[in-house]
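Using the sequences and the hints given, assemble the complete structure.
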Amino acid sequence: MTIRFVLMVNKQGQTRLAQYYEYLTLEERRALEGEIVRKCLARTEQQCSFVEHRNYKVVYRRYASLFFLVGVDNDENELAILEFIHLLVETMDHHFGNVCELDIMFHLEKAHFMLEEMVMNGCIVETSKSNILTPIQLME
Amino acid sequence: MDTIMNPFSSGTRLRDMIRAIRACKTAAEERAVVRKECAAIRASINENDHDYRHRNLAKLMFIQMLGYPTHFGQMECLKLIASSGFPEKRIGYLGLMLLLDERQEVLMLVTNSLKQDLNHTNQYIVGLALCALGNICSAEMARDLAPEVERLLQFRDPNIRKKAALCSIRIIKKVPDLAENFINAAAALLKEKHHGVLISGVQLCIDLCRVSSEALEFFRKKCMDALVKTLKDVVNSPYTPEYDIAGIADPFLHIRLLKLLRVLGQGDADASDAMNDILAQVATKADTNRNAGNAILYECVETIMSIEDNGGLRVLAINILGRFLSNRDNNIRYVALNMLMKAISVDTQAVQRHRATILECVKDSDASIRKRALELIYLLVNESNVKPLTKELIDYLEVSDQEFKGDLTAKICSIVEKFSPDKIWYIDQMLKVLSEAGNFVKVEVCHALIVVITNATDLHGYAVRALYKAFQASDEQESLTRVAVWCVGEYGDMLVNNVGMLDLEDPVTVTESDAVDLVETAIKRHTSDATTKAMALVALLKLSSRFPSCSERIKEIVVQHKGSFLLELQQRSLEFNSIIEKHTNIRSALVERMPVLDEATFSGRRAGSVPTAVSTSTGPSTGASLKVPSGVSKPAAAPLVDLLDLSSDDNPVPSSSGSDFLQDLLGVDLSPAATQSGTQPSKSGTDVLLDLLSIGSPVQQSSSPVAGIFSSNQATKAPSSPLDGLTSPATQPVLAASPPAASPIIDLLDGLAPAPSIPEKNGPAYPSIVAFESSSLRIMFDFSKPPGNPQSTVIQATFTNLSSNNYTDFIFQAAVPKFLQLRLDPASGNTLPTGANSNVTQTLRVTNSQHGKKSLVMRIRISYKVSGKDVLEEGQISHFPRDL
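One line per chain: the protein sequences are A and B, in this order.
The opening residue of the first sequence carries number 1 in our numbering; numbering runs sequentially from there.
The opening residue of the second sequence carries number 1 in our numbering; numbering runs sequentially from there.
Calculated directly from the structure, the hints in this document are not laboratory data.
Possibly wrong hints are sitting among the right ones.
[What the hints assert, rightly or not] When the alpha-carbon atoms are kept at most 25 Å apart in a straight line, the in silico BS3-like pairs for lysine-lysine are as follows:
no.: 1; chain 1: B; residue 1: 371; chain 2: A; residue 2: 39
no.: 2; chain 1: B; residue 1: 411; chain 2: B; residue 2: 391
no.: 3; chain 1: B; residue 1: 405; chain 2: B; residue 2: 371
no.: 4; chain 1: B; residue 1: 229; chain 2: B; residue 2: 193
no.: 5; chain 1: A; residue 1: 110; chain 2: B; residue 2: 79
no.: 6; chain 1: B; residue 1: 869; chain 2: B; residue 2: 854
no.: 7; chain 1: B; residue 1: 25; chain 2: A; residue 2: 11
no.: 8; chain 1: A; residue 1: 39; chain 2: B; residue 2: 363
no.: 9; chain 1: B; residue 1: 405; chain 2: A; residue 2: 39
no.: 10; chain 1: B; residue 1: 869; chain 2: B; residue 2: 818
no.: 11; chain 1: B; residue 1: 555; chain 2: B; residue 2: 582
no.: 12; chain 1: B; residue 1: 25; chain 2: B; residue 2: 79
This is the structure in structure tokens:
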């Protein structure tokens with residue numbers, strides 16, 4: 001019932017944002033990212049957005065040059081996660097204005113803040129853009 | 001200016017560092033940059049520089065994300081958290097969550113800060129603390145801070161409430177005992193208006209139900225109506241710009257509520273009734289043009305399938321799934337296939353209707369969909385539709401790609417095995433699979449095929465001819481080669497004489513030399529591995545007996561392997577060569593037809609059951625009947641080890657744990673043979689075999705069943721160990737032949753069993769003694785001496801249980817004075833059932849360096865368990881016969 005991790009990876013395979021909701025060592029993380037990214041990048045447009053990897057599923061979607069990958073348990077609703085990815089992108093878009101990969105890179109902490117408002121402990125907690133963005137705007 | 005002059009000072013902004021890293025062309029450069037940066041950060045930490053702390057932390061986070069270790073930054077996080085400004089705290093907590101995790105001890109230090117922050121006046125700070133706690137708290141922290149969180153569940157600000165709710169989830173996951181405290185608060189949360197709080201509250205309830213069953217009961221009773229009403233409101237709610245996604249108001253909330261309903265309704269009929277209406281409403285109202293609508297529909301269908309049965313709803317659900325299946329979007333089809341797998345257990349008929357569509361999905365271009373569809377098909381197969389389905393799958397096998405072939409082959413094989421209506425169809429399908437994808441077929445499947453062929457006695461001719469044709473046509477498939485070689489060897493005469501033709505076959509003329517050609521090709525092909533070549537050698541031996549005219553040619557082929565580097569092939573080639581040349585009179589007896597392997601026991605054994613126990617052996621020293629030794633409770637190791645030890649002083653072969661099959665063949669084949677008593681062998685036969693066996697090398701198979709066993713078991717183990725074990729002389733008596741050839745050979749081999757074990761072959765016979773007798777146990781010693789060595793004696797100890805209880809963990813130990821050397825071989829078993837008929841045997845070897853001057857003397861100790869108590873018995877044996 002939980003989200004295990006959220007990754008944003010560019011087309012060359014470099015991780016732009018990584019948030020894990022379960023504990024993995026650094027080596028494990030790198031290995032995991034490598035494997036999953038390889039699988040997702042190799043897939044074509046026609047193929048399914050869900051990849052099964054070991055004991056969980058990865059739901060991914062490509063926006064321009066950035067891949068959004070969300071790793072979830074096997075019994076999670078995949079279509080809902082797809083919606084969640086879209087919501088995340090829209091929220092960031094709303095805040096940064098036409099968000100692109102560089103925005104996320106250079107404002108990594110803000111991206112993290114937004115993600116944290118939306119997901120806590122692996123569960124989706126807030127889905128309203130205005131509610132999410134209020135605390136962030138307060139900090140500016 | 002400073003930043004330009006010294007780009008790696010602690011004053012670097014995050015973006016400059018990122019730019020620097022991006023500018024690196026190679027990984028080594030990047031590492032260098034990162035290292036410099038880390039050094040700068042460390043220096044800055046040591047200086048306790050307040051101004052740039054948050055920048056440092058941001059940089060650390062970036063570096064951590066790239067994969068470099070950043071432990072030194074952890075204390076920085078703590079300091080930042082402890083400071084009073086909001087931005088510092090913010091980044092401190094963020095750093096905490098990213099750089100640390102619950103296993104680090106440093107986390108404990110944060111507990112106090114967290115506590116203070118949870119009670120802070122600034123609600124955003126409270127929110128921060130809750131967030132951090134919710135993401136990484138450990139069990140102890142959870143226990144400490146749980147009361148605070150409970151209090152915050154009723155805070156006035158909805159943001160705090162929602163965060164507190166999620167935090168509680170983590171707490172109850174870590175410390176399930178605290179769940180009861182949260183039940184009431186959670187129920188209150190369900191009445192919220194704020195969506196954020198509602199979602200978290202629902203999630204909290206779901207997890208509570210999972211963790212504690214009393215929570216489940218509570219929610220079922222009290223909250224069902226409220227929940228249904230809430231869902232209704234959400235479904236019917238008007239357009240709200242805040243939560244709107246694709247025209248639907250907050251689909252996430254929809255889905256979460258449906259999940260909770262699922263958890264509550266599972267297994268409970270009343271709850272399920274209460275939600276029927278709302279589920280129907282959601283299902284019909286969902287907008288399928290958008291992904292969000294489909295997501296809700298998917299969740300709804302899942303809920304319907306999990307709750308208690310309601311015919312109408314189920315039908316509705318399966319129809320929805322059918323619609324999903326024909327959707328063009330891959331995602332939706334994938335999701336539908338997933339659901340259908342769960343639906344099969346509920347309603348198979350309905351899913352069968354969609355079989356055609358699912359079959360299409362197996363051929364889809366997308367790998368995930370193919371995999372799912374294949375699994376689904378596998379579940380759908382039954383006796384009525386197995387033929388067309390298998391045909392489709394085999395057709396697809398030809399065009400599928402490599403990674404998929406393995407899966408597909410495995411599934412086809414198991415389908416064919418389980419559901420084949422008749423043997424001829426089974427053989428046909430398996431041949432097709434072998435020709436197409438033989439390399440992916442597992443070896444057990446090949447063996448199963450061989451077993452089936454041997455069992456279908458009227459189909460032998462058909463099978464071997466079909467294999468012959470397939471072999472000619474095929475593309476160097478290893479498994480096909482093996483099966484073909486075995487069958488041609490076994491039934492070669494049927495092949496040549498067109499025996500047992502079935503109506504649907506075309507006649508094919510195969511000469512003897514063609515058959516030999518086939519086997520020769522198999523041997524010569526360089527892609528054949530050792531097992532195949534070994535099988536081919538055996539097949540050649542069989543053929544040389546069945547087609548005497550080709551003997552010369554076969555001999556030449558066999559001889560070519562005399563110098564092979566593989567010990568197995570070399571040995572076989574030498575032995576077979578000598579059989580073909582010198583011992584033509586016994587050759588036909590050697591390679592008689594394999595006895596039919598009992599299918600039922602075979603499949604039973606294959607399922608992994610323990611080899612069935614046959615009565616314990618009393619060892620060849622008793623002379624007459626040979627029973628299969630077996631350990632009743634031990635794994636397959638013991639019997640074979642026993643066999644070996646009775647025979648020679650070689651080290652026992654490692655246990656053939658993988659060859660249950662082998663063990664069982666021995667069991668199956670030998671029980672009929674075992675009870676035979678011998679008649680006198682013909683003289684010449686004895687001499688011949690004596691000659692052969694006294695060569696001293698581990699000797700060849702002495703009968704066709706053994707040959708058959710080995711050939712069809714090659715693949716289960718590396719050739720060396722079981723064969724070495726089984727070909728040692730003493731095993732010959734036990735491996736004695738199938739009934740037709742039985743008697744002379746058993747007795748040949750009887751007579752040849754290693755001398756020490758057979759009293760007739762010994763020097764002066766020594767009387768057996770009762771070594772030890774108590775009220776509960778009797779030990780008999782039988783003596784024998786190996787010829788040529790008067791100092792050593794082999795003692796066969798027989799333990800008999802005289803009481804009326806069974807003994808377990810039976811261990812016998814012995815000690816001898818210094819002038820004697822003693823070796824104990826493992827016992828035949830360690831369970832001694834009651835009764836005078838069953839006993840355990842053990843062999844002892846004693847060497848008396850003072851032979852003739854002093855006689856044997858021994859102290860013994862026996863320990864065993866009876867009725868749960870340990871028993872120990874000791875004694876001394878000094879009444880050995882003299883001259884030992």
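Kindly indicate which numbered hints from before are broken by the structure, ordering the numbers from low to high. When the structure is compared with the hints, numbers 6, 10 and 12 turn out to be violated.
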